[in-house]
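Chains as they are written, first to last, in my numbering: chain X, 1 to 295; chain D, 10001 to 11209.
Be a bit skeptical, because a hint or two may be false.
To be verified - Each computed DSS-like pair below joins lysine-lysine, with the alpha-carbon atoms no more than 27 Å apart: (1) D/10472 with D/10618; (2) D/10472 with X/90; (3) D/11164 with X/141; (4) X/90 with D/10618; (5) D/10320 with X/113; (6) D/11105 with D/11063; (7) X/141 with D/10171; (8) D/11164 with X/90; (9) X/130 with D/10320; (10) X/132 with D/10171.
Derived from the structure by calculation, the hints contain no laboratory data.
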Amino acid sequence: MSNLTITNLSKTYSNGVKALQNVSLDIPVGMFGLLGPNGAGKSTLMRTIATLQEADQGTITLGSVNVLHQKEEIRKVLGYLPQEFGLYPKTSAEVLLNHLAALKGIVSKSTRKEVVEALLHKTNLFEHRKKKLGGFSGGMKQRFGIAQALLSNPKLIIVDEPTAGLDPAERNRFYNLLSELGENTVVILSTHIVEDVKELCTNMAIINSGKVLLKGNPLKTIEEIEGKVFSKTIQKEELESYKEEYVVIAERLFQGKPIINIYSEDEPGNGFELIKADLSDVYFSRIFGHLKTAG
Amino acid sequence: MLLEIIKFEIQYRAKRAETYIYFTVLFLYSIIAVDFLFGHELGSVKANAPFVIAQSMTIISAFFMIVTSMIMGTAVLRDFDHNMESLIFINPIKKRDYLAGRFIGSFIVLLLIFSAMLLGLMLSCFVPWRELEELQVFNFWHYLQPFLSIVVPTLFFGGAIFFVTGALSRKLMVVYTQGIFFLMLYLVILQLSQNYDYRFLTALLDPFSFQTIGEVIQFWTPDDRNSFMISFEGVLLYNRLIWILIGFVALVIGYVKISFNVVQDKASKKLYQLKVSKENGLAKNTTKLSILVFSVEFNTRTSFFQIHRQALFHLKSLLKEGSFWAIVLCAMGTIFINTISLGTSFGVDSYPVTYLIVSELVELSVLFFLLIIIFYSGELVWKERDARLNQIHDSLPISDFVNLGGKFIGLCLGYLLLISFMILAAVLFQVSKGYYDFDFSLYFMEFFIGIFPVLVLLTGVTFFFQSLVNNKFVGHLAVGVFLFVGITVPVGLGYHHPLYIFGGSFLPAYSEMNGYGHFLESFFWVKIYWIAFTVLVFILATAMLVRGTETRFVTRLKQMKYKLSRPLINLALGVGCIFILSGSYIYYNTNVLNDFAFPSTQKAYRVDYEKTLKGFEKLPQPEIVDVNLTVDLFPDERRYAAKGYFILVNKTNSSINEVHIQKLPTSKVNLKYISFEGGATKDNNHEDFGYFINYLDQPIQPGDSIKMEFQQVFSEVGFEESSNKSIVTNGTFFDNSHFPSIGYNGDIELEDNSDREKYGLEPKARRAKIDDPISLRHGRADGDGEEIGFEMILGTVATQTALAPGSLVKEWKEGERSYFHYRMDQPIANFYSIVSAEYKTLEDKWIPETSSLFDHVDLEIYYQKGHEYNLDRMMNGMKKSFDYFSKNFGPYQYQQMRIMEYPRYRDFAQSFPNSVPFSESLGFILDIDDEKDVDMAFYITAHELAHQWWGLQVNPADVQGKSMISESLAQYSALMVLKKEYGEEKVQQFLRTQIRSYLRGRSREEIQEMPLSLVESGQEYIYYAKGAVNLYALQDYISEDSVNLALKKFIRDWDSTNGLLKKNTDRYSTTTDLFGYLREVTPDSLQNVISDLFETITIHENKAKTGSYEIISEENYRVNLTLEATKYQVDSLGVELAVGTNDWIDVGVFAEGEDGSEELIYLKKHHFVDGVLELEITVGQEPVRAGIDPLHKLIDRKLDDNIIELSKE
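Excised from the complex, chain D in its bound form:
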């Protein structure tokens, strides 16, 4: 019997079109999945690496959980849906056979459908766009193993749960709603996983094993990822077992609970019905029907009335759905879950400012909305047909437009309700955090202007597909495919134009400085365009909607002309006009007034630039030594006009008779004129590239200088697809890269090496070799002149303050405008910022304790009103930094230090001479709890100030290792200030995050990991993270004072304007120079530490193997430890090899402190030679735990096994 039922089930499914549709969609998706999910992130990991296959499978099986629900959820449910239950249940079949048969049969079908994933992924190796180098040798087991170990369990537990709930609830909507709960669960896990403490837990509980795999492979290098499979053991095994168990539990519950009666609780109703139908009937008085005399008029008012009634009716029925309220609760709940990591930077939460809350809420709720849209739209369009009321409903005198329109509006009202609840939740959350500065207008903008239109658009399109396709499930799929093809694919390929990305862009980021700025205009136009599109599609939907019993597509197509009434056609024409006009207007703005280029066009432009002009790269050119500019800012118009001169010097040995000028390559910058002292002839042949060759009438002789005058205007017209975020109404921040540069500009070249190869270009090095003679002579300004005299007059609107580096020489007002005159009395790096905004200021002074250039330094913070939270921390950071740096490295070179806040469109702080533009999102709104957080406002300030020494005093040569000098030393300096102010513990807390980000970073390296000494550009995980960890380790080995002494000498010799060595050479310093000083202060016994930390890639694996202690006396405890230290080094091919250890490593013992917390009672370096060390340590307190490198000073792949609980002997 069981077999019969299984057979029947499979045969039934085999005849259903859906089965094949699911298979096909899954198959097609799987073919492109790897490209879509991983894109360019793979780097040197192959597209068919085992982890890529496994991870793709987890994601696909999660995405396609919906297919699982539709197959498994309907296995029993459909008998009820089709009123078949009586016929089925009267047969002499056992409950066990029926349920097991249905489950097994459906599950087999499900597995067959999901085998499409296996096939698709395998086939994806052979797609035409796949290049051979992206692949490694095909191995079938790499596909089958994760399918069996990961996907099959997922399908099993999902299937079991859907099967049981479908059978128990007998409602399709309940089956859908469960998808939401899975989603919730997944989101919770995703959120939790951002906190390192929960990573193991989330890996254990992730229903789809995505996090689990992530946890297993987190520190695998690309090489590991290519070679190793995710073995079915450890956390993955437990995770899968947990979910399989959950599946079984569901089945058992289901088996017990599913009653095998015809209808569960309808039996009682039946009795009741029998009773009532006996006593009632049509009215017994057969007197004439009192015919009510009324007339029904049909006019526009009637239609509006009908829409209104239809909307309210369907809204009410939506509100009766338990699933709707489940979604409301979930959506409200997300904010409380999600803000576990609210705007976290380095583990510190931000204040719950409204825009952050909203963006977190929106980010997650998009998925809820999507579910509501897709499923409820389907339910609404199908409502009459599902209830079999369609024949009555279809003969009602309402137009299809009124019918669908009413439902549409009803659903949209439901969204508004949901949104209101979400706002309520957000406000409650703010209250719970003690934050009462509710910004309701922002809530309104973000939700009603930002999100709501998107929902409306999607709903319109969903209604369209549900009307077009005469099958609800196929309709759902069609919507999914549409979204994928209409949004995901083009965006993934880099095509962003709002005219073809469905719905256009989301509301631009809100900044408390600049509001929505100028971004709103294009937002509204694009929304009008897409709303018009959606209305057109909606009209088409009403014309294609199935009405009556004619369901064939062709018949409906023929009927369209009778369904499109005159008013509807007029509406369509009107809306069509709006569509075309708004579209044209957008096109006019983005493509005519502004330049719009497809990614390929942009690439071709860069390639063309390189191919045409590369020949000029090594042409001798003069260098800038003086900058004197007047920049008039017009923030309201997002415009500036700059005028002034550069003084150029010929530092070469021969005369120069042509000066090549590169204008910023955008049509917004208009170089009005450029003139050279003594006259020049301009060659405009390369105007397309903004590249002008000026033949000087009088060549510049070696050592001579020439004045170059120019005027340039930056202006915005109309709006564009992605608009500039640096010159804005309030919060302008840009730098000297806007102004003309000298000679060929390598920054315009195509960066990505795989792109370069396609265009027939040589690969581009991320940094020149450390001994490259030309680049050694270049610093930050890349040959344009490194040290300059600087003077600038800034004009801006009267309400704003404009800032550039230098002392403020003069400030005045002229009418509605303010002017500021800045000047530097000493040379600065050719690197300056221009900032203008409406500011509040906080001022203070730093009085140096040691000998100094100036008797005080003015400290100024320019900030947005309302962002006062951390100003004191930043001010303190400045003072403490100056104290430490001036004492240990050398004096500060300027008379002022300024921090200027700028809008959160970008999120970094950057150090210019005496100026640090600091993003709104970075430190200003952090909610720092000194108990548990690292004071990141303080730390970032210290880091940026350190750049005044590292980067601005020492300008490192533009070769490998450059960023170690500028960034790693800034990290080290900031850490030392942090240690002094907050203690060692905070430093260690910070460093632990840095070790992880280093290990994660190296696992994603696309080209080649470099040692710190040769670090290249873009390797942040090395120069920020590893740099901080290893420099801290170095000072631990050789003492802070020794390191500082070396740095002091380094700066003394290599200061770019007056360094003792620098004065006699035209090259800039490198890490080789730096290590000279460091080695000098390092004892011979520790010289190898320098090479381990900086010159090689060294990874430790330190482990406490056993540990015990015995009590000798009340104050004497002997600890016995077996510790293991293994060290790996990466060779030039990227292969990790174990190398012998011969190192001094910390050994520590912990005891319980007085307040119950752990206390380090013993910490001493022990010498480890070749691996295992057995130790006996005597301590004076009862020990609890002990281990090797307990404070994680070394880069260790596994941090958790360093310390061991001690057993008592």
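Chain X extracted, bound-state conformation:
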């Protein structure tokens, strides 16, 4: 199994937005989480890996294959679920999936039939297989998207915000499916849900404004800030002054009162309590720029 290696990838859009800046990542077989807020460049990166977008500079390789130039080769082993997509409204799920399987190169009719049926079962669309895709709900559509991404034994699976539109139970089942595949496949999962990454991924990266802020094993990154995150319930009016004084990495309301998390190398005192650090703390501390970019 080959790693996916991204080296110094940069992309600037024609309107001047720097979507990717010198991104370098080494993604091994297994689940890889890509965390970042909206507009961070996650989708640009995913699309570039999925051969749908050009980079200004840098390289991406999967084993010996140059993703940016040998697109055909990558597509043969690629499963891609875009963040947003539509389907032919007048076609049934079975027909379209079969068609996509054919286009993915599954020549044998019987194999195609088996694969399509298995995936329809797996995504619980089997009983809707004759139905026009135009009548699919958001969740069903998303499941169809998952099914098509898994056609033809992909070696590289890219799923962009895959759980949007799925209810929690569906989400869990989908993640189970992914982690099964992750055992011998490179699976890149982009999301802004921190917990998902923590639960699923052996490796992760946080990106914002086109830059990689952190990369590593989720648990290890949590360890790094263990003992440095403190929490306190405060009054609303105090919020601003706390923000000035401390490195506030998270704030949320609990019973109408703000609770803030701060990052501090030392014991801050002042009623702050040490809490068990979480991946979201890692995430927010990176996003808000309080920590230096991991080297």
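Fit chain D to the given chain X structure using the hints.
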């Protein structure tokens, strides 16, 4: 609120690039529209004449209906397309404001876009190629008036319908498809309008007013067209009101029907979806995914498999489109509509032979195919992007070539299906007409070999543009512009070479005699060339196709090198080779082996000829008096070799020492040698023109003759851009113009006077003046010798019969060849045909009743097997003609009369001495219904036979009025035979078509209308149409016998070989001579009729103003009529002036006959002096209608108002 929405709509459109693109295209098109739509047809009508402007506007607004649909159809639709409806509809806006706002806003934008037409047309007066004489004084109102009265209503109803259907269907394709229905409607109207009875109806219903204007101005003279505007009244007003009303109805229906819910019927689905999504989810068993172990191999087989699947998938989705089936139905329907006028000549339909059905079907379906190609190609290329499936689709392991190729093939399969349905419809049509001779191989050729490749080519190019331009609508426009620039413009300018006219030519005309003949070879080469071109373009398309999110042109250009895979590059190289090789081969054939000349080169050649050699025109030359030739035809090779001699006589008063010979100016004719008795020195200085001066060693003395021997070979090598259609494999027909002519040949001169002016040449008269002393001595042969002795031996392949004028003296076979020896025992006109084909023959005899030269005449019809339909009619026509002509004009001069069918590449019949080559398309396949049709097979036969007298016995002088003697008299003679055989009614039916074709013809006159007495060449509307009408009127005034008596004397005196007067003069007869005889038999009181009918241009406007009747007794009814007769004459400047009437004109009364049809119970000429006449007529039957000139014997501008319903007093 309303204002806000309007404002928003306009601002939205103002920001869209499309808006400006439409404007620009419309603007540019309008600038060239007049040139493009009218071209050289205008003649003396000015390029900015009000009718030209109005007519251009109707056509442009029809063409650009598509822009209307894209603006108006998307006004509401786009909210759904962009999923904006929820956001729009939750706002507190009223349905009325929303709809009205969108409509008004879009309509304003539409008007602004179409104002480009107004600007463009105005600017077209000032383009550099416009010459001052083509224009009259600029008048802004001439532009604004038709824009407001014609274009705005068109835009309104079109816009309203598109707006409503777009909003109701919420599908773009439905909006497009409507365009097809408009087209259908328009085609139906166009078809109907060919039948005169429906002209008013079609004028009323034409959605774009094109026919309407045509109806209003149909008989306007060029002068009228320059001065009058199409006033907004009468049929035009009604037409516009009807369509405006339709627009309003559409809006009202739309207003009621358009629901203002978020989504019309999706609501129920939403509920359903909620339900299902609750009970379903990803599989609950979280056991391991049973990973199917299979390997996917990618090789060529996979690619083929993918193409195959892609093609089938898209074909299936095409078949799910309702619009596709709508097109199928329309296309099938066209044949039933279109054959209202199937191969009509003079109102008679042809049998539904396959090639006619196919060509009618193809002619109309081209538009359907074009629509399918342009729109479905766009839809297919954009399919994933429109469905937003593109990100998934683009990451699939299929190459762009496989992707586009599969779609392409899918669409092409759709065409095949459509074609199959059209063939089915055609067969059904044939069955419905009781015609069972289906020619499936011809269907196959015409559709699958003829049409299908064209569709494939166009589709390829459309895919290219849709891939190149990252905007579907701009893509559509780009295709339109490409077709215009790639086909219409060069063809319009006269550039026809298949190497640069996209797609090359269509399949050549099919003839049942000659099949596709030799034309197929070049057709196939050209198709190979263009298919190679299209494949190259297609490969480029795949390399430029947007894949992923990179849409910028430059980025895609840079990416091309990664997209062009090795096999694709190899394919491109291979196809590129085919392209270059086939192109070179075509070029080698058309331009190296054969001469190819651009129009300008051809013109320059003619100019050069004239400038160099005109000096020789009046050089005294000998004339041909004897022709003796052996012509060996090799039809399979399209070759002949002619050898023999002419005897030339010096008829001048001085000796001639040089003979100038003009060879047919084509490189195919090779004059092997030419020699003169006594020897001559040849001067080859003008060889470029095929013009050779031979200095005789022994000059020809006045009255002496000399033998000129020559051999010439006609041969074809390779193929050419437009190949000869006279010497073909089966059905050769050519005449003596192929052989050397004597002296300078005026026929080579440039004809068109505006071209002549550009090259600094004097205008050329269409005929010499009636008193031109030189031309008076020339007849048909233009000075080459008019009366000749004739002998010819024809050789051809054994399967064919070869025919030339004369008696067949001997016939023999030599090996695989047949020989025929013809000889004329008396002199004939220097005008002979050579015909050869595989023939069946029908033979009969005509036994003269009156004194005659021969005791019988052999009648022979040489025809193509299968064309037996009308042989009896033609044979009968020959007999009846001989009966009438020999009795009334004089004896027939030959012993045989032959009709020979020749292929339908040309469509005329022509009378040579005792021979009439008769086109396959002309009378052989007419389906004549004696109840309702005029027997045109009979009539044409009679007309051609009449030429044996008029033209061949009397050879008129080559001056003004010549064609009246040859053609008008032939028309008259044929009419008389028709009257005798079929009765007066059929004659009147025929004459009504002739009045209309005269009135239409004169409205298109480019130079100057002439009276019959001075008619010039090319004025068919005068010498055929008006000639027939007026000669018939003359015999009505002075009696048939009187006219015939005059003609008998005319022929007695002016027969070109033994006429009493002709014998003593070297000039030929003119209309002046003819009128002498006619006036002689005309009573004094009617002398003015001769001048009205023949010597002036006289137009009547006869009208029944009021009419009533009272019952006096059971058998006595008194009819009171007020009738008006106005007469106009055209002066020398072409101005029509009312002149006083002093004429005898028919007055008629109709009653209901026994069988319920109308019966003429009173017909008598009354004297009309200066206009209105009040009449009291007593009749013996209850009258119904009455009027002036009820049988239309006079040329009347308005035929419909002659008769009036009588009211009972």
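Checked hints:
Distance restraint check for residue 10472 of chain D and residue 10618 of chain D: the Cα-Cα separation of roughly 66 Å exceeds the 27 Å cut-off, and the hinted pair is therefore not satisfied. For the hint pairing residue 10472 of chain D with residue 90 of chain X, the CA-to-CA distance comes to about 21 Å; that is within 27 Å, so the pair holds. Between residue 11164 of chain D and residue 141 of chain X, the direct Cα distance comes to roughly 88 Å. Violation of the 27 Å bound is thereby established for this hinted pair. For the hint linking residue 90 of chain X to residue 10618 of chain D, the alpha-carbon distance of about 81 Å lies beyond 27 Å, and the restraint is violated.
For the given pair, residue 10320 of chain D sits about 23 Å from residue 113 of chain X by alpha-carbon distance, which is consistent with the 27 Å threshold. The hinted pair formed by residue 11105 of chain D and residue 11063 of chain D fails the criterion: a straight-line CA distance of about 55 Å is larger than 27 Å. Note on residue 141 of chain X and residue 10171 of chain D: the hinted pairing holds, with a Cα-Cα distance of about 22 Å set against a maximum of 27 Å. Restraint check: the Cα-Cα separation between residue 11164 of chain D and residue 90 of chain X comes to about 75 Å, which exceeds 27 Å; the hinted pair is violated.
For the proposed pair residue 130 of chain X and residue 10320 of chain D, the alpha carbon gap of about 16 Å is at most 27 Å, so the pair holds. Distance check on the hinted pair: residue 132 of chain X and residue 10171 of chain D sit about 17 Å apart at the alpha-carbon level, within 27 Å; holds.
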